[in-house]
Amino acid sequence: MNKLVLIAGGSTLVYAVLALMMGVLPGMALSGTPPGPGVKPLSALQAEGRGVYVANGCSYCHTQQVRPLPQDKIYGRPSAPGDFAYQTPELLGSERTGPDLTNVGVRQPSEVWQYIHLYNPRAVVPESVMPAFDWMFQVVDRAPPGVTPIPLPKAYAPADGVVVPTHEARALLAYLLSLKQPALPGSAGENGSATPATVMSNAGVAPAAATASGAAGSVAATSGVGYDAPKGQALFTANCAACHQTTGEGLPGAFPALKGNAAVNDADATTHIHVVLHGLQGANVGGVVYSSPMPPFADTLGDADIANIINYERSAWGNHGAPVTTQQVAAERAKGK
Amino acid sequence: MQTSVAAHHSSLVEKDDRALASIFAAYTVTATVWLLFATGVGILLAYKFGAPDFGPGAWLTFGRLRPIHTNATFYGWASIALVGMAYYVADRSSRISLYSVKLAWIGLVLFNVAALAGTVALDLGYNDGNLEYREWPWPIRLVFLAALVVTAWNLIGTVARRSTDGIYLSNWYTIGGVLWTCIIAVVAILPWYQYGLGQVSVSGYYMHNAVGMWFTPLALGIFYYALPRLLSRPIYSYALGVLAFWTNLVFYPIIGAHHFLFSPLPWWLQTTAIVFSVAMLVPVWGGSANFLLTMRGRVRDLAHSYPLMFILVGVIGYLVGSTQGTFEAFRSLQEVWHLTNFTVGHSHLTMYGFVTFAIWGGVYALLPLATGKESGRLGLMLHFWMAVVGSFIYVISLSIGGTIQGLDWKNGLPFIQSVVDMQAYYVWRGVGGSLMFLSHIVFAWNVWRMTYGRAAQAAPIDTLPAVEAAA
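Protein sequences, first through last, are from chains X and Z.
This note's numbering puts the first residue of the first sequence at 1, with every later residue one more than the last.
This note's numbering puts the first residue of the second sequence at 1, with every later residue one more than the last.
Please note that a few of the clues may not be correct.
Chain Z regions said to be covered by chain X (calculated; three or more residues, Cβ under 8 Å) [as the list claims (entries may be wrong)]: (1) 59-65; (2) 146-160.
Calculated cross-link-like contacts (lysine-lysine; reagent style DSS-like; alpha-carbon spacing at most 30 Å) [as the list claims (entries may be wrong)]: (3) X:Lys180 x X:Lys40; (4) X:Lys180 x Z:Lys410; (5) Z:Lys102 x X:Lys3; (6) X:Lys73 x Z:Lys410; (7) X:Lys337 x X:Lys259; (8) X:Lys73 x X:Lys40; (9) Z:Lys102 x Z:Lys15; (10) X:Lys154 x X:Lys40; (11) X:Lys180 x X:Lys337.
Just a sample of chain Z residues kept apart from chain X, beta carbon distances all over 12 Å, derived [what the hints assert, rightly or not]: (12) Ile43; (13) Leu103; (14) Arg141; (15) His208; (16) Ser237; (17) Ala239; (18) Val282; (19) Gly376; (20) Trp385; (21) Met386; (22) Lys410; (23) Leu435.
Derived by calculation from the structure, the hints in this document are not laboratory data.
Source: prediction; values computed, not measured.
All C-beta atoms, glycine included, are put in the ideal place defined by N, C-alpha and C.
The whole structure should be built from the sequences, with the hints applied where relevant.
Structure (structure tokens):
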């Protein structure tokens, strides 16, 4: 009997102490982490959306933690302890089958894009393996007043009627768009005009990016301009193709085409540079008004990268805009919004 | 007079043997049903990577089925199968009848109710926060905790009444495992110290301990009992087994934070986890060496015994999977492998290559001794080879694919490129997974023949000597 007490009781006592030290006490100590500057609790609708996110297991494929590693810079600044003050349950996740979502509200602020993507991700990202959440939407004959139907591409739209989001989808959208990292005091992004050297180092994009997918690679190579075509294409794929598509054709009614786009083919590149730096909303492009906002890239991309993207756009898909230089981008950036 | 007492004893023994056999059989059969269900779901999940629109709607969406797959594997299949075997081992190695047959049945019902309710809840979208392996709503986890308490009570009661002098090593591991897991379950359920970052640290603790302080000790308990039985020779070193027990106990609980390297968790917590991940090599290599040395020089027996082959694979899975875990904990390697499919490969190498193979070895070695029924050799052969080849393909493809995924990110390629580059490896994972699933169907058939179905041949039933049983 004594032996049993030693083995069962003794080992359990040892284990209880270790569980206290490694589970309970760190939990207690860290639970009191105060919110960082600018970190706010969610609104009621956003919190509801977070519930939808959890119920459908989004965090099994999407992390919400930015590591202090070069490859994570595309997702924002490294996560800080204060970022998680209002995040219970925690959704840091353990896998990136899809991209990190810590800052997706900044990276992809377009409601229209988010809705199309939720309805069927392949409508905007053909290679995506994310499930379609079309069951969070309704097909109706006519959208109720005040509700804009979702401008799905023909191949994904129902034969009859229009698609509108349910309350569940609206809540989820509100939550996704709320995912924005507040700037840390003293960090580059704080005053909104980061120097290119401090953000999104170009070192990450190696020449290996030449293998990146895209149908227009050969087109870009013929540009004859002194710019890094494969890198421009890779940056375009990573930052722009979700809306403007790898074909440059955009999505009719949702995202404007860059192929044959007036601003892109204009000899004066000022508008083109300005839009990439500072984003755009409610603009009339080729007679169509696009409501969904294009995010600014001034804070996330350096001048050289932006010049590369612009030069790619200006030479791909039969476009023939005059090439731009890094200096032109820098000058436009210096002018401010 | 003498003879009538002996006859009385012998009928008591028979009754106890029958009760034990039906408990062992019922645990194994329900566990097998969970294995088929969980891995069937796994197959559907694997196919979704190639055809994301296959299996539409809320109830079949990936994010609901994924935790159903992991939880049903953990708490349906592995837990129930291991507990059923732990009862058998405790009874036989203590040379005494079970403390309570009724409690064993109650435990079985509780385990199954929890797994069923948990599955339904997850599919309806009641997920307790996507916190890995504790996704069931907490009331359901309380039912699982109740099953653990019942099991602990029953195992301790049995071993306490043992007719042997010492407590056999297997029971150290199983009783320890059940008791520690009661603590793990309580720590996971209580909410008051789990907010924000605090919950992250508890998640790190929980997701690792629920695996390593529950499945590992119970599976090791099988090795320590089944190997000597199959080989008719004692374990190579009892002392080494004791050393592995205590070092596993002290090192393992400390390493959970290695799941959150580079996260905002305190740096010291992460570094401590890495240091003790290295220390884990002591119990892992000590334990594995002990099992391999017990098998030394018996290659011929191995080749003629599928139960031994299953156990050999299980031991290798333990050695390789755990050693891989140590390496994964290094920051330099985490930079590439963390958050990729490499992790999925690792978890299958351990939960499948180690734990599941250990269970199969134990079931094939011990269940016939309880029920007196053998399954056929062809069934064993099919099961073994499909499971080995399938899991090999599964783990290798995800390990290579995961590495490529991590390097794509490091090289700064557009994210979608890592999705495209995984496609071929997702297909191979589906191929491996399909073979694994097929092997489970054969396993189910084998279990049926060893329990309620028609046996391939009769096996000698292992009985306790009358005197000991009555003691």
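A quick look at each hint next to the structure:
1. 59-65: holds (count 4)
2. 146-160: holds (count 3)
3. X:Lys180 x X:Lys40: It holds: about 10 Å lies between the C-alpha atoms, which stays within 30 Å.
4. X:Lys180 x Z:Lys410: holds (24 Å)
5. Z:Lys102 x X:Lys3: holds (26 Å)
6. X:Lys73 x Z:Lys410: Within the cut-off at roughly 11 Å; holds.
7. X:Lys337 x X:Lys259: holds (26 Å)
8. X:Lys73 x X:Lys40: holds (23 Å)
9. Z:Lys102 x Z:Lys15: Holds - the C-alpha atoms of Lys15 of chain Z and Lys102 of chain Z are around 14 Å apart, at most 30 Å.
10. X:Lys154 x X:Lys40: Violated. Lys154 of chain X to Lys40 of chain X sits at ~40 Å, over the 30 Å cutoff.
11. X:Lys180 x X:Lys337: Satisfied, since the Cα-Cα distance of roughly 21 Å is no more than 30 Å.
12. Ile43: holds (16 Å)
13. Leu103: It holds; Leu103 of chain Z is separated from chain X by about 17 Å at its closest Cβ, greater than 12 Å.
14. Arg141: Since the minimum Cβ distance to chain X is about 14 Å, Arg141 of chain Z lies beyond 12 Å and the statement holds.
15. His208: violated (10 Å)
16. Ser237: Non-interface label on Ser237 of chain Z holds, nearest chain X Cβ at 18 Å vs cutoff 12 Å.
17. Ala239: holds (15 Å)
18. Val282: holds (16 Å)
19. Gly376: holds (40 Å)
20. Trp385: holds (30 Å)
21. Met386: Holds, because the least Cβ-Cβ distance between Met386 of chain Z and chain X comes to about 27 Å, which exceeds 12 Å.
22. Lys410: violated (5 Å)
23. Leu435: Fine: 22 Å to the nearest Cβ keeps Leu435 of chain Z off the interface.
In this structure, the earlier hints numbered 10, 15, 22 are contradicted, and the remaining ones agree with it.
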